[in-house]
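Sequence lines, in order, name chains A and B.
Counting from 1, one number per residue, gives the positions in the first sequence under our numbering.
Counting from 465, one number per residue, gives the positions in the second sequence under our numbering.
Think of the hints as simulated: they come from the structure by calculation, not from any bench.
All values derive from a computational prediction rather than experimental measurement.
Incorrect hints may appear among the rest.
If we take Cβ atoms under 8 Å as the criterion, some of the chain B residues that face chain A in the derived model are [said to hold, decoys possible]:
id, residue
1, Met465
2, Val471
3, Gly477
4, Leu481
5, Gly482
6, Leu483
7, Thr487
8, Thr489
9, Val495
10, Ile505
11, Ala506
12, Thr508
13, Leu509
14, Glu519
15, Thr522
Cβ pair distances, simulated, as ranges [what the hints assert, rightly or not]:
id, chain 1, residue 1, chain 2, residue 2, range
16, A, Tyr396, B, Leu481, 24 to 32 Å
17, A, Arg323, B, Ala504, 23 to 31 Å
18, A, Trp388, B, Ala504, 15 to 23 Å
19, B, Ala490, A, Ala96, 50 to 58 Å
20, B, Val480, A, Gly91, 45 to 53 Å
21, A, Trp388, B, Val512, 27 to 35 Å
22, A, Glu360, B, Ala469, 30 to 38 Å
23, B, Val480, A, Ala46, 23 to 31 Å
24, B, Glu468, A, Ala316, 19 to 27 Å
25, A, Pro232, B, Gly482, 25 to 33 Å
26, B, Glu519, A, Gly263, 42 to 50 Å
Note that beta-carbon positions come from the ideal geometry of N, C-alpha and C, so glycine has one too.
One letter stands for each residue in the lines below.
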Amino acid sequence: MSPSSDAAPSAVESIRACLERIGRLDPQVNAFTAVLAERALNRAAAVDAARAAGEASVGPLAGVPFAVKNLFDVAGLVTLAGSRVERERPGAAPAAVDATAITRLEAAGAILVGALNMDEYAYGFTTENTHYGPTRNPHDLTRIAGGSSGGSGAAVAAGFVPITLGTDTNGSIRVPSSLCGVFGLRPTFGRLSRGGSFPFVSSLDTIGPFARSVRDLVLAYDAMQGADARDPGCAQRPREPVAAALGHDPVSNLDGLRIGRLGGWFEDMATPEAVAVVDTAVAALMQAVAVDRVEWPDAEIGRCAAFIVSAIEGGALHLDDLRHRYDAMEPHSRARFMAGALAPAAWVHRAQRVRRLYVERVDALFADHDVLLAPAVPVVAPTVGDDWIEIRGRRYPSRPSMGLLTQPVSCAGLPVVAAPIVRAGLPIALQVIAAPWREDHALRVAAALEQMGVAAAPVAAAFA
Amino acid sequence: MEREAIVAWVRAGAAVLGLPAATATAHEAEVVANLERLAAIAETLEAVEVDPSVEPLTVFVR
Chain A
1 MSPSSDAAPS AVESIRACLE RIGRLDPQVN AFTAVLAERA LNRAAAVDAA
51 RAAGEASVGP LAGVPFAVKN LFDVAGLVTL AGSRVERERP GAAPAAVDAT
101 AITRLEAAGA ILVGALNMDE YAYGFTTENT HYGPTRNPHD LTRIAGGSSG
151 GSGAAVAAGF VPITLGTDTN GSIRVPSSLC GVFGLRPTFG RLSRGGSFPF
201 VSSLDTIGPF ARSVRDLVLA YDAMQGADAR DPGCAQRPRE PVAAALGHDP
251 VSNLDGLRIG RLGGWFEDMA TPEAVAVVDT AVAALMQAVA VDRVEWPDAE
301 IGRCAAFIVS AIEGGALHLD DLRHRYDAME PHSRARFMAG ALAPAAWVHR
351 AQRVRRLYVE RVDALFADHD VLLAPAVPVV APTVGDDWIE IRGRRYPSRP
401 SMGLLTQPVS CAGLPVVAAP IVRAGLPIAL QVIAAPWRED HALRVAAALE
451 QMGVAAAPVA AAFA
Chain B
465 MEREAIVAWV RAGAAVLGLP AATATAHEAE VVANLERLAA IAETLEAVEV
515 DPSVEPLTVF VR
């Protein structure tokens, strides 16, 4: 059941169907690491009882199933964060309370059905998890789903649940959104509470939703907004809900928005088919508004700063496990964590100072523009196990390079919607980038593209 | 940065951080390769002109 659909079967029926589908089809995809049947059915019964009693406050997401990346605390489960280390840690205890985001979605009526696979400790873009197996792309099961929130992208693309939660430090929502062909939102840094989620790089980490429509994305986003004392990085801002601002005619709602497409790095580091999704979106938008070309300042410098900060903050966070449990850590990322732990402090200090200059230069772009467009990934989903990708005749290591186009944007802490563009072949998404705290602008453009039929996130054909 | 310098740094760093010698030896090559990559990136950032008055951007949200 989608929150946007008018039909409202009983929540218990809806959750039973959802659980049956996950049980039957997920072994092909490997999106879920835990399914919470009893919790979900109890919750569904409560929603049905509230409806039967005529309670007006069942919420905009009443009865809607959702699932979360397994770095969110779920009461009663050990928070894995994709690792074997957390599962086997001596004295490892299940989380006592849910993450703030889960609590808020459930307050809106949504029903948690499970936890989802990811790259260990969120350090990766492929969800080729050695401990729990790779999550496979529902559009082509031989290919990766992207990462690090790969289970979150795949579970929506396969039609298991209409909404999932992931995290995005350097692209971990936008990359799987793009490769799996679903909508994703990375909000402004500090907008949504990370309370009760396992950190990776606290100066870059954000949480956000995945969905098959912009409307569903917005319902989840609005439900999770608000300050939270559990997350010291969560801004003390009032809630700024977006649902009402979308309106019933998103195309006419484009009036007044100043839109640009990014050249330079965002074209040079993308294959022609990735650049073509921007061409498609721009051609459609230009029927309603003007779109000009914009050069993003120092994209490579931004990526370098994010790379250094991630490696060194991440390495420091996991130092004790690097000392004592190295062999139990993910072979794809443990040497990167170790290198980060060994790196001189001067490197991260320099990166943080360069980042401040970089953010000032990027923010200046929004004096003349409201929204900027770029591809989300350089290539379509590689095959599981591929070590290399090719961009314009040059080979790049696949695991770090899937974030070539997302890292410069998140280094500036900006809100971005990943909008999958309709095309023949495997999915690729567009990044719709807005000024800090203007998620509404990015969501308005994504909704217009969806209304025009240019962006869409159908269930993958093999699972439809 | 010279590869020999990175190798020496990794060996010394592993000792300073208390990484077991067997682990450090077994995985030295991949750690060195990753640290070399970080060193190259750090060099790019060193080339950026930054006034001494520019403070590091770290998390401080009220």
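Checklist entry - What hints, given by number in increasing order, does this structure fail? => result 1, 2, 8, 19, 20, 23 and 26
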